[in-house]
Amino acid sequence: MNDLTNTSWLNWFRLASPSTFYPVAGRLIPFFWILSIAFGLAGLWVSFFVAPVDAVQGQGYRIIFVHVPASWMSMFLYIVMAAWAGVGLVFNTRLSAMMAQAIAPIGAVMAFLSLWTGAFWGKPMWGAWWVWDARLTSELILFFLYLGFIALQASIDQVRRADKAGAILALVGVVNVPIIYFSVKWWNTLHQGASVSMTKSPSMAHTMLWGMLLMALCFWMYAIAMTLMRVRVIILERESHADWVQNLKEVKG
Amino acid sequence: MWNSVSEFLAMGGYALYVWSSFGLCAIAFCIEVLIVRSQRKTTLRRLRQALLADQYPQESRQ
Numbered sequence: 001m002n003d004l005t006n007t008s009w010l011n012w013f014r015l016a017s018p019s020t021f022y023p024v025a026g027r028l029i030p031f032f033w034i035l036s037i038a039f040g041l042a043g044l045w046v047s048f049f050v051a052p053v054d055a056v057q058g059q060g061y062r063i064i065f066v067h068v069p070a071s072w073m074s075m076f077l078y079i080v081m082a083a084w085a086g087v088g089l090v091f092n093t094r095l096s097a098m099m100a101q102a103i104a105p106i107g108a109v110m111a112f113l114s115l116w117t118g119a120f121w122g123k124p125m126w127g128a129w130w131v132w133d134a135r136l137t138s139e140l141i142l143f144f145l146y147l148g149f150i151a152l153q154a155s156i157d158q159v160r161r162a163d164k165a166g167a168i169l170a171l172v173g174v175v176n177v178p179i180i181y182f183s184v185k186w187w188n189t190l191h192q193g194a195s196v197s198m199t200k201s202p203s204m205a206h207t208m209l210w211g212m213l214l215m216a217l218c219f220w221m222y223a224i225a226m227t228l229m230r231v232r233v234i235i236l237e238r239e240s241h242a243d244w245v246q247n248l249k250e251v252k253g
Numbered sequence: 001m002w003n004s005v006s007e008f009l010a011m012g013g014y015a016l017y018v019w020s021s022f023g024l025c026a027i028a029f030c031i032e033v034l035i036v037r038s039q040r041k042t043t044l045r046r047l048r049q050a051l052l053a054d055q056y057p058q059e060s061r062q
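Just so you know, the sequences run in chain order A and G.
For what it's worth, the working numbering labels the leading residue of the first sequence as 1, then goes sequentially.
For what it's worth, the working numbering labels the leading residue of the second sequence as 1, then goes sequentially.
These aren't lab readings, by the way, just hints derived from the structure by calculation.
Incorrect hints may have been included.
[To be verified] No farther apart than 20 Å at their CA atoms in a straight line, the calculated lysine to aspartate or glutamate pairs in the EDC-like style are these: (1) G:K41 / A:D54; (2) A:K185 / A:D133; (3) A:K123 / A:D54; (4) G:K41 / A:E250; (5) G:K41 / A:D133; (6) A:K249 / A:E237; (7) A:K249 / G:D54; (8) A:K249 / A:E239; (9) A:K252 / G:D54.
Quick caveat, the model's predicted, so the values are computed rather than measured.
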């Protein structure tokens, strides 16, 4: 038993090495794509054919099924990115910094989609594409934090210094995530509260919640698949002089 | 819930807002996949060329 735990721990640490992680990531990518597509199809089905029309907002409320998952993922991915960056900063592990670098663009896409779908929801319901509401503004800051992280890393030529500077920016920016999350409680603003589904009738809340959860799982699995795809490119770029990279069959041809 | 395809597409008058939200998400995800795939291709081509240059040092120097 003791032997077994030791071996499994050893395997986990072995995965922290880019040369071991690269093929494992490659095998996991199709698995996450299948999950993402399956959750996406189920989520879209619930979004358009199961969830009933909203009493107040009509069919326009269906934007919620992409808006909420994109917003959740933008915040969640930021925390994951900052955690990887922090691990890389403390333990000086190469792969952690690469993971943070791989997550940043997906997080930026999610934050952008959250703002975009929010604008297209706000226009018909509030009558404005944009208002300087606490939640909207803090989400915009999150988008800029992602862009800042990407730009800062790209602007420093020395990889290890770029990782360190990026990690500090990412960790300082974490303070913004709870601000986004609690903004609807702390400030009396236009954006509706988080408990929107609880004010409707129970059956309504159920199908809506299921639609949002399925779409969130779709976005989540997509984000993992994209992270693994991008981290493999980053590994190839950063480890290009290592023997194991030069012996890969996709490099040897 | 929907009586016809046109009613589904009309989204109760919110067609522009609903379809542009869902459409942009789909487009953004597809573009991201294409970008990463082309990055991978470029990186692999560069690595292959570097490997070839190492294998034939004489020729590459000429």
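Status of each hint after checking the structure:
Distance restraint check for K41 of chain G and D54 of chain A: the Cα-Cα separation of roughly 46 Å exceeds the 20 Å cut-off, and the hinted pair is therefore not satisfied. With a C-alpha separation of about 12 Å, the suggested pair K185 of chain A and D133 of chain A falls inside the 20 Å cut-off, and the hint holds. For the proposed pair K123 of chain A and D54 of chain A, the alpha carbon gap of about 17 Å is at most 20 Å, so the pair holds. With a CA separation close to 10 Å, the supplied pair K41 of chain G and E250 of chain A stays within the 20 Å bound.
Using a Cα cut-off of 20 Å, the hinted pair K41 of chain G and D133 of chain A is violated, with the two alpha carbons roughly 43 Å apart. For the hint pairing K249 of chain A with E237 of chain A, the CA-to-CA distance comes to about 16 Å; that is within 20 Å, so the pair holds. The straight-line distance between the Cα atoms of K249 of chain A and D54 of chain G is roughly 17 Å, inside the 20 Å bound, and the hint therefore holds. Between K249 of chain A and E239 of chain A the alpha-carbon distance is near 15 Å, which keeps this suggested pair within the 20 Å criterion.
Distance hint between K252 of chain A and D54 of chain G is fulfilled; the C-alpha atoms sit about 12 Å from each other, no more than 20 Å.
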